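Colleague: One-letter residues, chain by chain:
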Amino acid sequence: MTELTLVQAVNRGLHEAMRQDPEVLVLGEDVGVNGGVFRATEGLYKEFGADRVIDTPLSETGIIGAAIGMALYGLKPIAEIQFLDFIYPAFDQIVSELAKFRYRSGGQYPCHVVVRAPYGGGVKGGLYHSQSTEAYFAHTAGLKVAIPSTPADAKGLLLTAVHDPDPVIFLEPKRIYRAVTGEVPDGDHRVPFGQARLVREGNDVTLFAYGAMVGPAAEAAEALAAEGISAEVLDLRTLVPLDERAILASVEKTGRAVIVHEAARTCGFGAELSAVLAEKAFYSLRAPVARVTGYDTPFPYALEQAYLPNGETIAHAARTTVRAG
Amino acid sequence: MTELTLVQAVNRGLHEAMRQDPEVLVLGEDVGVNGGVFRATEGLYKEFGADRVIDTPLSETGIIGAAIGMALYGLKPIAEIQFLDFIYPAFDQIVSELAKFRYRSGGQYPCHVVVRAPYGGGVKGGLYHSQSTEAYFAHTAGLKVAIPSTPADAKGLLLTAVHDPDPVIFLEPKRIYRAVTGEVPDGDHRVPFGQARLVREGNDVTLFAYGAMVGPAAEAAEALAAEGISAEVLDLRTLVPLDERAILASVEKTGRAVIVHEAARTCGFGAELSAVLAEKAFYSLRAPVARVTGYDTPFPYALEQAYLPNGETIAHAARTTVRAG
Amino acid sequence: MTGAIADPSGPTVESTEVADLTPERLRDAYRWMVLSRTVDERCLSLQRQGRIGFYAPLAGQEAAQVGTALALKPEDWIFPAYREVAVALVRGTPLGRVFDQMIGNAFDTSKGRQMPNHFAWRDQHYVSASSPIGTQITQAVGAAMAAQRRRDGIVTVTFFGDGATSSNDFHAGLNLAGVFQTPTVFVCQNNQWAISLPREQQTRSATLAEKGSAYGIPGVVVDGNNLRAVYTAVSEARRRAVSGGGPTLIEALVYRFGPHSTSDDPRRYRTDQQVAAAKERDPIALLRAELIESGDWDAARDAQLLERLRAEVATAFEASEAAPPVDPASLFDDVFLTPTPRLEEERREFAEREPMGGPRP
Amino acid sequence: MTGAIADPSGPTVESTEVADLTPERLRDAYRWMVLSRTVDERCLSLQRQGRIGFYAPLAGQEAAQVGTALALKPEDWIFPAYREVAVALVRGTPLGRVFDQMIGNAFDTSKGRQMPNHFAWRDQHYVSASSPIGTQITQAVGAAMAAQRRRDGIVTVTFFGDGATSSNDFHAGLNLAGVFQTPTVFVCQNNQWAISLPREQQTRSATLAEKGSAYGIPGVVVDGNNLRAVYTAVSEARRRAVSGGGPTLIEALVYRFGPHSTSDDPRRYRTDQQVAAAKERDPIALLRAELIESGDWDAARDAQLLERLRAEVATAFEASEAAPPVDPASLFDDVFLTPTPRLEEERREFAEREPMGGPRP
Ligand SMILES: Cc1ncc(C[n+]2csc(CCOP(=O)(O)OP(=O)(O)O)c2C)c(N)n1
Ligand SMILES: Cc1ncc(C[n+]2csc(CCOP(=O)(O)OP(=O)(O)O)c2C)c(N)n1
Ligand SMILES: [Mg+2]
Ligand SMILES: [Mg+2]
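Protein chains in written order, with the numbering used here: chain A, 1 to 325; chain B, 326 to 650; chain C, 651 to 1011; chain D, 1012 to 1372.
Honestly, the hints are just simulated from the structure, not real lab data.
Fair warning: there could be bad hints in the mix.
Below are the DSS-like pairs computed for lysine-lysine, each with C-alpha atoms no more than 27 angstroms apart in a straight line [to be verified]:
id, chain 1, residue 1, chain 2, residue 2
1, B, K578, B, K605
2, A, K280, B, K578
3, B, K605, A, K280
4, A, K280, A, K253
5, B, K371, A, K253
These numbers come from a predicted model, not from an experiment.
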């Protein structure tokens, strides 16, 4: 066990994966000599060399297209997109190719690729260094989507992603890259996909969150406890596959749900979660399902704190939900 | 009034818009001399010439980027993407630029652009000539999303789109381009955004649909009527803005909802609709909200009829819903 | 013209011809070209009869495709577009498998997942084609980067059209290949049309080959109707690539004789005269004339060959047509190696549809 | 070198120098360059003090930016990247507005929506910059197509870096410009770095200018540290464009003296010696020497100018800092001209947050 920040845990995970398997390599912009603009790839270039830590030209199309080609050939590339906001030049490769290769070839050509990207707001990054568009990827059949909220999960989910034979979009909440620290198991630590993490037990309402929103959700639960409301907090960890069992079990117990994410509300992942509850936990629900989310505006600069959910807005929604039924 | 197919109605709408306003122009692949691969732009080149009907090189990035530049300068371009499946090379221009220009410039630079694209399955088009990814666009703050299901709406919504000062993604259900005909008002016919169409009144359950799924939903309602189940059918027409008033009013009446779309289930637009009901019609709902959708697989070729919802699968879900509560 | 190399750093130079095109190999090439044309004609008529759903013909591009394929080694990897039926055949795809794919039956290597023309066969390193234009180009470069790292002495070859030179992936792919000096051969079949858009409106550069210089990649223009020229240029490019000399962009000048696809009516944008003029340089006729001229072929053998190939094609198609359809439950396979719980649930939901009389495909 | 045109169809030719660079105009250019450098230094220190959130400096690129901006007409349209502060100033943005934007206060023309450096000012045809690399390039071409259609005799000018030549939009934009012969001037400020990636690893072409030939567009390499050279090349390109001669790609060779941005530590990927060597050709020092040499300037005036500009900059920033913040409710403005019901609902929900003591920005 070592005490690490989240970004250090990612870095350890990358080192571990590359040591384990010579077929694993890293490519992206500024990932090599520079060690990544967030230092996530620091030290890799020195240890593994230019053959396995590849500084690419400024082309996300090229990064993902090349990663796919490498994977088809048999390697296990980890592609870094510098900010999730800059993944769109590669969106065609991701949704048309990466997600569909195994299927369209009848299983002949799987794509063993991890795409890592820092994402989310709260770093004064404005429109283009703040967005949370995990729903685009969750909606795309053929992609898995993992989002850690603790250093241990950052390493554990990353190693699971690298060993997954299918494409994984691995989103790193950059706002808590350095803001959270925690004990991280050394060596080959893996956290399975599709298992939500119970952050806090409670009986009156379940707060669903992931990534940088787990912290504010836990804060809200703390504040609610002081008011006599017992809130359960569940960290989804992976959106695809989704741990419906844990989700439904929790709502069967609490009867109330508040869903939290930074992404815009309309068609955000919270909508899916709400729909799952409306289908499968209908008879357990005692109150309307609330969503505490980013607004349906582009991500603002000066007003980013107004845009983002926080402990107080989450607690407010939970109170309303508990009062409702 | 003239009896037209849906694609003819689109064509009439384009003619009408270009006659009304010299600032309107059309650009895209094969839209000029060839008249469009679906004939949607037939006759435009002859009437308006190469200056206003522009055959572009094979670059969706270029088509949308150029359309944005034209709009910034003051024109009103209508960009055609040959199939929605091919919009992804332009996804960066759409989500990073088109959707955010007005906002990021503090209102100085609006984007008066319509992006038209045929979409959806049922034409034996396989993975890349069949997809329904309207949720990507509905999730993107700053875009409106319109989807006609009748010839009259095709023309009426298109003219509203062309007159809208903000970007509109206009999705045309190609499967019913020629399969449906109907009376279409001549001249400047406009259908306002944000007003759902009541396709059929009913009391026991509401079937929500749009585009090519309105037909099967209506078929299902017909079959259900024979069994004594009275189904209301609502055609959403625009996903953004969404006619929540009509949606909630219908479910307040029927107490039950079945949501239909071709898109993959996870994070499809049906999730949003279900979430809206879970928030705002919770106390009216008498049964779990069902989704009848495409599956979470890429769009298949040989098995496309197995993939797509149809009257029978919709009716089945409605029966289950009505029986449930 | 037999292969003029437009080197970015200097003037164009004439390539020399490679020596290994024996009469035997030329006859072999000719057979592949005639077989491809036979498949092509058959598929167009099958589509009209409603027996297959779609077809994109390659007539006019046989020398470009067969010439390239024959210049490669079995261990090389192919990243095709959708028009490379001849390449699939030369690589060894049995006729029956081609038709299985056109139909999407239970024997299709891609399990009926794709439209006609979109082959994949892993054993032959023939990568699954997709419809979005250009995407295979960066992938071919990535595979070449992988091969470099494994020190495999192979090349990756990617096919694309004149229209695809405008795609994002052309730009990204050639740039990466230049930077990393990958063993990649880019084969642009310039058939003069991207559906209705003529080559001159696609881009203003004088040739497509010279686009290579934007990436420090040598560009070669070859007469794509001349099998020797194509074979020579690709052989040279391959040799350079495997010896560490980096990638080459080859522009094969051809003409699309038929419609873009069975959904297209080319008379809307080009005249019959234009097509007739182009057909005067039919690659099959040119090679046949050469073979007959040199005494390596004759009219009787030609007629015999054609008859035999037609029969083989007919027989193969009928067998494919008689094959069982894909299993409906396979709809849920291959999304992931191991299905997610959601997919398992959807599979169960689907299985329950049957008793209620819902349509089975 | 003062502007070598690499014509795709022929050898490079030396451009002649334009005549309208009077001593007066050169002094004017010099003032803009010194002002830009002053703003630059001030912003770097403001960021360190936490008074602005971010800054991307332009030091080393003053001649390229000022030279271009001065060669244009007010009616021309600018499609900038994020580093063109000097262009915004020359176009007439008051210093105060620059700082309003850096802070994102109530007077910011973009209403506090964007990070520092991402200006927009419609009156000056200075289009809203965005962070994704390259996107402005196709937009500039689209605006030029619009201007062609309106027969406005203007040009559109787009700025981008060496890294941006690898972007999708570079490829798409230059190709469209070539095909439609738009009146567009593409100004690539090759500052040798894309964050940590050196120019040689960005692409293998010998120059960036020669990439123009892939699109039938003339490419020009200019010494971007030489204001005259830049001014001359842009003037020529503008003249050609408005007279129907089509687009030009200009590569201005410069060097990024500072970090990529305040988030960057350049010592990780380059040495101080490299930077020092590049600074020997500081564009400001070069122009100052020329002006002093020709008797049009002297050390005393120089010291005076610097002092005055520093004071102006300090005063302007303090005023911007004292300005009111943006109104929180404006969060919901400008998504659309008319908000959707959903946005209205969110605005109401947001307004209700206040009484509950939630954080107000
Ligand atoms: C990204 C994308 N845009 C548009 C299309 C529609 N489309 C299919 S083929 C084609 C023309 C391709 O031309 P070219 O690259 O020259 O290949 P050819 O068909 O001539 O072999 C177009 C526009 C597509 N498949 N993908
Ligand atoms: C599409 C995209 N990918 C990555 C980034 C992150 N990024 C910001 S600036 C930059 C380098 C840009 O280099 P260049 O074009 O040479 O411009 P310069 O910063 O040198 O002026 C990168 C990679 C981005 N902004 N957009
Ligand atoms: Mg072509
Ligand atoms: Mg640079």
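Colleague: Does each hint hold? Answer for all of them.
Modeller: Now the hints, each set against the structure:
| no. | hint | result |
| --- | --- | --- |
| 1 | B:K578 to B:K605 | holds, 14 angstroms |
| 2 | A:K280 to B:K578 | holds, 22 angstroms |
| 3 | B:K605 to A:K280 | holds, 18 angstroms |
| 4 | A:K280 to A:K253 | holds, 14 angstroms |
| 5 | B:K371 to A:K253 | violated, 67 angstroms |
When held up to the earlier numbered hints, the structure conflicts with hint 5 and nothing else.
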